[in-house]
Structures are given as structure tokens and as C-alpha cells.
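On the provided structure of chain G, position chain F as indicated by the hints.
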Amino acid sequence: MEKTFVLGIDLGTSNSAVTLTDLAADSSRVVEVTQLLGPGQIGERTTLPSAIYLPHPEEFAAESVRLPWQEVSGPIVGQFARDHGALIPDRLVTSAKSWLSNPHVDPRSPVLPWNAELSEGKLSAFEASQSYLVHLKEGLLHAEKKDGHDRDLAAVQVVLTVPASFDEVARALTADAAAAAGFHDVVLLEEPQAAFYAWAEQAGSEWRKQVSAGDIVLVCDVGGGTADFSLIAVSEENGNLAVERISVGEHLLLGGDNMDLALAYTLQAQLEDSGKTLDEWQFRALIHAASAAKVTLFSNETLNEVPISVPARGSGLFASTLSTTLSRTTLEAVICDGFFARTGVDEMPEEDGGAALQEFGLPYAADPVVSKHLARFLTRSLQNVRASESLSQLFSTRPAALSGGFLRPTAVLFNGGVFKAAPIRRRVLDLLASWSAGEEIRELAGFQPDLAVSKGAAFYGRNRVTGQGIRIKAGTARSYYIGLESARPAVPGFKPPVKALCVVPQGMEEGSAHLIEDRQFGLIVGKPAVFRFFSSEIRGGDHPGELIANAEKALEETSQIEVSLPPMEAFPAGQAVPVRLKSVVTELGNLELWMEHTASEQRWKVEFQVRME
Amino acid sequence: MKTHALIAGITIAVLNGLILVPDLRPYAAYFLAGAITLALWLIARSLIYREDTKPAPAAAPSAPAAPPPPPPKQAEAEVIAVLSTFQEKGRLIDFLMDDITAYSDAQVGAAARVVHQGGKAALLEHFTVVPVSAESEGSRITISPDAPRSHYRLTGKLAGDGPFTGTLVHKGWKVESVKLPRLLDSDDAVLPPLAPAQVEVQ
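If you're matching them up, the sequences are chains G and F in order.
Residues in the first sequence are numbered consecutively from 23, following my numbering.
Residues in the second sequence are numbered consecutively from 348, following my numbering.
Here chain F stands alone, though its shape is the one from the complex:
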């Protein structure tokens, strides 16, 4: 799952970057540990995971070499595959690429319903989405020290030791499970389209 790899890679970079932020110095060790764990996971994953879509070759006399590295475009292709389901089901790319200024709110509203209905279906097909905090927005909450730090963004006056208490401004969203489409190996050098051009053949 190259999308995982991509997300993990970005997270590593972010974690490493955070080590350099002075305000977050006390947490540097966690960031470093997180980054290392992710990096190890990434390496392990890239070694063991590969959807085998080729029929099993006849047993070769010599031991097969390690699987060839995936084509560099695989990760991009997987991100495109996710976006393309949002386009196919919810016309998201059409919605974003169209010039919105020329249209009335009623027209935009009608289009938004298409995006909402289909886009939500696409989202829930691939991800189980739940709020980070189960409390209602506006209520006062105390952040559990066990909660993953990435799950809470603290703003306002930040001083002293945790656990921190504050008003929940946005309940946050997280993904409980991910079920991405997998790509079949293709020798195609071009990336798949976000949406193919459609031609009605007469």
C-alpha cells in the first residue's frame, strides 16, 4: 500500500521538523521515537508488501531475486486513485475546477448536493471517520495525557504542565480504519487520469 508509505513518509518529515520547533522541545524525544518507529515500519512494509497480480511463474531453477522495486509512480497513482473515486462518485474535481464566481447560490447549492452525497459515499467507502473528541463543541475538556499528541492542537495560552484543560473548539476527525483500492500492476508509464475523457461512440 504505497499510499500508506506516502503518508508515513510525510509524517516522518513532519515529526523530524517538529523536533526543531523551540516551543515543542520537551516533546522532541517522542517525535524522534515516533519518526524512527514509522521509518522502521515503512522499511518492513516495503519489504513484505506487494500485491502480486502476476500469475505465479513456473518454478525457476534458481532462487528468484528480491522483487523489483515498485515503479516510482506507484505512490502517486494510488493517491490519484483515491481522488478519482471522489470525482467519480461526487464530481469533486469538476466542482473544484469549475469557476464558481459566475453562478448563483442556488446553482452552487444544487451542485454542492451532488458533491456532498457522492463525496460522502466515497469517503465512507474508504475510511471509517469518527470525531477525535466525543465531547460536544464548546464544552470544557481535559486532554488525557495518554492521548496521541497529534490528535490535539492546543491554542491560546500554553504554560505549565499538562494535563491541559480548555474549550473544545473543533471536535476533530480521525480515521479508524482505512480500506483503499489497490492498484493492479501495470506496465503503463503514464499516471491514471483523475477522470477519463468520456466519448459517446455513435
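For reference, chain G alone in the conformation it holds in the complex:
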């Protein structure tokens, strides 16, 4: 069906947002999302907090938590879920998105809220993501209907954003969640790319004047819970400017929430030094107050300190409000020098503390210093570009860019709430300049911290449907590999290294396929067999069919699945069928791996999607 509308959906770790573009009118607007604000109370907000509260059956009257479009009330999504759930963490699901990409826990098993003593009603990360999408969809349809528009979802192109650091498993799960939520045509877009599209849309035809061939734009996106980096190269192609995403970072659970928490701990210590103690509820109030004071100090640089008051939970406001102050010195020590320290470009983040026993949970970044993660990203980006002939070509006019220890960006596009603070943006620019012998790195103007991703997604969707306007050349962000068992004599006490075959090269574009012609493999069908998949962000030069000798060392394992493929006539179960491997990236950006029998039409599809340990 012909697309008449585009929905750009930013399914964020802590907040979600939607932009609707009417293609006929060529107009866009950020959708006001209807949500519960309290029992019996609804209202609209431009963002939907990505939080689900699972109410106790006797907690609220069913009518008071049922949304206008719901037949029966269910889990509560949005603002009230987050506010109320903060007091009852056992019933609150947050950060579902980070659980989607958690390698230790099956994203389809109902384990959230994590570690909660809830006997029933728990959700999987997949179901939680689906719930947010259902809420956004139903809320939009309801609001449109009230305005007299009956929207047909079949005429809507949905662009759903994911972190650039999401691997194929998390991407596929996100796409599946959208399908399960009832969206028809969904394409995925990396968030830093969406931020770049939003910038390009805002700059209009001016964007070609703000960047020029040879520019390397660092998209530096630090949101509430995650940090996500990408590099976008600008080059000239037949007289036109072309943009290409050349590198993506690793998945980092580190963001503004960590910073507010760090401030709150500092203030708590300050209060305790003066003999006051805080209960859990007050500590939460302190986090809010610290966050607000941080915004005030960062936005008004003439202030030296901001007083902070923390009420107690009882109704006596005068008797039990605690007060302290947040000074600029403390703020800068904690945020600027703590999270954005002036470290060297060769200082890499510290790995885990090495405790023998660790609690399973979200794999938060062990090192809170964003500067070090940025240094690691730029260092790895250089490795990636050097490994690839086609990416190195982009630097043919200035080969010096590839000779240092890291890939130096020439411009920065900021995104995410953390960068609302001008001093933090300045610090990052200073840091980059200090790594480049003082050479200045400019900031691209037109920063829209909260809504850029959904706006950019809608703009990309529009360009995609109409075939007009800027498109970032991207393709797959990683190269993908499948593990091979080699035929070799068994040696006691020695596990042979796993070899891996490159099946999807980095940058493989939508709607393309690769058949590895010159090699045959033996595929075990009719009995359970294990497939191991690997990926890499920094091996831009690997071609399909290339063998990597020691996969466990050189690559990252993304998934391992045990499947029993349907057997084939003439091949007894357990005997290897000769096959060729073919990888496909569909028009919608989904990865597929086919095993094709060399002598017939018989073929098997192996999904990258299931991840279990």
C-alpha cells in the first residue's frame, strides 16, 4: 500500500517519543502522548517515560487506571508508572531496552522487574518493548480518531530507532516487538544517524555549507542511561556531498542518570557530615533536587552555588526539611572532572573490578569516565578504517588522518540530555582538541537534545519513501561470522580454537545478498546442532568467505543457538549435507543466513536472533 504517513519512533531506554510526518502535506509534528498522570488522571506529554508499573490487583480501582482506548486495564505505562513505581521498585520495569541487548538473560523470558519477588505478571524485555510500542500506537490512533482522522496503519511507514551499538540479535528483537505491537512496515535506524538526519533537516539546504568533503563528524550521544558514539564521513561523489557512517561504538550503559546519582551521593555525604541522615524516599528526592540544581548551575554561569532542600515524607514540611547547597566546585569535580575527565587519548576504560563472584544484572560500564570510552571508540574506529580498503579510500586526500593513534573527528554533533549543559559540551570539545595538539574541533549548530532522534527518524522515513533528500550510506554496522568446527585429530586436554567464517561484511547494504561460492560446508540436519555467531565493529576489511583463525579472541560472540534443522531425504540424521552459505540483508535491514544444498533447491534458514547462554 502506498505510504502517506511516516512515524519516527524513538524507543528510548528512559523516554520514548514519536514524530508524525504527513507526506502529502510534507509537514511534521511531535506527537503528544496521552498517558496516566495519576490514578483517574490522564494528560499529554511529548515524551512517554519508558517505564511499566505492574499494579497489585487491589491497589487501584480498575476504572482509574484504564486508558480511554483500553477495554480492560493492564500494566501502567508512562509518567505515573515511573513516578509511582519509584516507591515500589519490585513492581517497576525500566531500562527494558538495555535488557534486550543483555547477553546473559534471554530477552523473551519474563524476568522483569529483575530480582523482584513477584510470583506472576513479570514481563520479558521483549514484552516490555512491545508494551511501549502498543501504547504509542493505540494512543496515537485514539487521538487521531478524536480529531476526526481514521488512520490506516498499512499506509504508515514506521522508522524505529535503535542504538548504533545494538547487535543483530537486539535489532531483530526490536523489529519483532514492533511487528507484535501491530505495526506493518518497520525499518530500523541507528540513533546517532537519526540525530544527524534531524540536524540536516533543521539546517535545510544549509547543511552542505556547514560540512564539506573530508569532514569526519562525531555524533556524541549521551542520554539518561546509555552512551552511543558514531562517526560519519563526508565525501564528494560526482560533485555532490555524500555521507557515510564509518564506525559505531560499543554498547555502554553509562549516562545522565549515573551523573545525577553521583551528585546525590556527594550531597548525601555532605548532609551526613553535618549529622543528618536520609531515608530512601529522601534520597530519591535528593536525586531530583541535585539534578535540578545541576541544570541551574550549568545554565547560569554567574551562580556559585545553589541551595538544596529535601523534604521528608510526612506532612510536616517546616519541621523536617533538610537543606544543603550544591557548589559549582563540587559540581565540576563530580561531573566535569569525574565523568568527563581530561584524560589522554591513550587512556582506555578500566575493565571490571575482577571480583570472583558477580551478580547478574545489567552490564553497566565498569569505568564511569566517558572520556576514556570516547578515546577507546576513536582508537577502534581508526583500526576499523585501516582494516578496510574502501573506508581508507575516504581519506585518500589526507592520509595523515590515518597515521596517528586514533581517528580524529573534525566536527561534533551532540545529542542526548546530558549535553544540554553547555559546560559539558565545551569540555568534550576541549578534550578532543587536547588530543589533537590543540587543533580546534567545531560543534555543529542546531542541537535539539530530547526530540532529535524521533524527528530525524521521521525525516529519514520521508526521504526513504519519497526517494528525495539526504541519505546516509550505512549498511550493517558490524561484520558477522559463523563458527566452524574444523576437521582435526582430537588431542586430550586441548580444545581447538574456533574458526569463524565471515558471512556478512561490514557495510553490507539493504536489499543485497552474498553467496560464498567457492566453499562448501557440511551441515548437520535432523539432530540438534549448535551454531555460534560472532561479530566485530573493527574489522571493516573482512570479505564474505574469509576465515578468522581464532574467533574467540579476535571477535565478539553474539549468540549461540542449538537447533535441529528439518532433515532431508537421502541424508540420514546426523550426516552432513553439502551446502553453500548465503547471507541476505532484506530491504528492511534484517539479516538472514541461508544454507543452500549444492545439488537441489532445498535450503535452510538460520536465525541470528535467538540468544541464550
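Think of the hints as simulated: they come from the structure by calculation, not from any bench.
Even glycine gets a Cβ: it sits at the ideal position worked out from N, Cα and C.
There could be a bad hint or two in this list.
Said to hold, decoys possible - Computed cross-link-like contacts, DSS-like style, restricted to lysine-lysine with a CA-CA straight-line distance of at most 25 Å:
hint	chain 1	residue 1	chain 2	residue 2
1	F	K467	G	K442
2	G	K316	F	K467
3	F	K436	G	K298
4	G	K575	G	K517
What the hints assert, rightly or not - Here are some chain G residues the structure puts well away from chain F; computed CB gaps all over 12 Å:
hint	residue
5	R230
6	D237
7	D295
8	A315
9	R335
10	F340
11	V391
12	G427
13	E461
14	V606
15	T608
Only chain F this time, still in chain G's reference frame:
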């Protein structure tokens, strides 16, 4: 939006009352016109507006009757809903209901910061607040004859014809847009609380 209705109703009453004030006789016609317009708007509004929170019923064979009149407590409930956000975010009710005389200025000051920070957030969440007059207080201004009369309160010596000129004593505040929470239909006969009692279940 029953709060609108409430505000409009009060305004009508005030406008009608103003007709009776001798000093304002020359403006009586405006007041009357205003009151009538508001009343018409109110009637139209009550006929067309109702947040439908019930799932659409299966098509009934007979045409549905006009929607039942809203429960009488709806308007009160909506005012309470607005106040409750001031309490929730800015502890306004706690602040006003506590006995202020027993506490030092430092204690009151600390509490006032809580009310200010949260109360301002609650206010700006629901209303876009701007000054009535953009001039600075203390400056001499002339009131445009086109300005809504309710927006300016004239004091001092009032004689002769407008436009009036005088010193701006208070710049005034007005609301540019209103975004109130809406209430879901509930069969509950009791009004919602300003703040629920909080109980920590062990």
C-alpha cells in the same frame, strides 16, 4: 473540561455583577455581551465535549440517547486534580496547612524552596504564564483601548475618557495556554483526595 466551565461560570457571574457597579456603567454593554458570549460558549462546550473513556459499545439497534449529564462532582474533582499536582510536586497543601508560627525563618526558607521548585514545575506544566504588560514596573504606560478590560485594574484618579496613562505598579500575569489533566470517568461517588495518605506496607 469542567474546570473551564467552572471558570467561565464564575466569570459570567462577575461580569453580571459588574453591570451593577455604578462607576463602570459606561461598560455595562460590554459586560453583558461578554457574559452572553461566555454563556453560549459554555452551553456549546457542555454539549460537545466529553472525554470518552468507555470502550465504544456495540452498535445498538436504537439511536443512543444524548450523553448523560456529567456527575455533579466532576468540576470539583478537576479543581482538586490541579491542586493535587501542586501538592505532589511542590507540597503546597502541606506548606499551607502546617503551623508556620512555630518555626524559624531558616526552616520556613528551606521548606519554601521545596514549594517554589516543585510548585513552579506544576504551574508551568499546566499553564503558560506570561506578564500582562511587557513594560517594567514603575514605568509610565498607556493602556491600549483594544486591551481586554479584565487585563488592567485601574486605581488612583479615574476621570475623563481613555486611553488612560499611569504608572505600572504590578505587571500582572496571564495564561497563554492551559493544559489541564483530564479525569477518567469513575463511578466513585467520593471526591479524589488532595493527597492520599501514604502507608508503607511491611
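Right, here's what the structure says about each hint:
Between F/K467 and G/K442 the CA atoms are separated by roughly 20 Å; this keeps the pair inside 25 Å, and the hint holds. Distance check on the hinted pair: G/K316 and F/K467 sit about 17 Å apart at the alpha-carbon level, within 25 Å; holds. Between F/K436 and G/K298, the direct Cα distance comes to roughly 23 Å. Compliance with the 25 Å bound is thereby established for this hinted pair. Between G/K575 and G/K517, the direct Cα distance comes to roughly 14 Å. Compliance with the 25 Å bound is thereby established for this hinted pair.
A cut-off of 12 Å between C-beta atoms confirms that G/R230 is not in contact with chain F; the least separation is 37 Å. Its beta-carbon lying about 39 Å from the closest one in chain F, G/D237 satisfies the requirement of being farther than 12 Å from that chain. Every Cβ of chain F is farther than 12 Å from the Cβ of G/D295; the closest lies at roughly 18 Å, confirming the non-interface assignment. Not every CB of chain F is more than 12 Å from the CB of G/A315 (nearest about 9 Å), against its label as outside the interface.
The Cβ of G/R335 sits about 7 Å from the closest Cβ of chain F, inside the 12 Å cut-off, so the non-interface label is violated. With a cut of 12 Å on Cβ distances, G/F340 falls inside the contact zone with chain F, its closest approach being about 4 Å. G/V391, annotated as away from the interface, keeps every beta carbon of chain F farther than 12 Å; the closest lies near 31 Å. Against the 12 Å criterion, G/G427 stays outside the reach of chain F, whose nearest CB is about 46 Å from its own CB.
Separation of G/E461 from chain F is adequate, the least Cβ-Cβ distance of about 42 Å exceeding the 12 Å criterion. For G/V606, the condition that its CB be more than 12 Å from all CB atoms of chain F holds, with the nearest at approximately 43 Å. With a minimum CB-CB distance of about 37 Å to chain F, G/T608 clears the 12 Å threshold, and the non-interface call stands.
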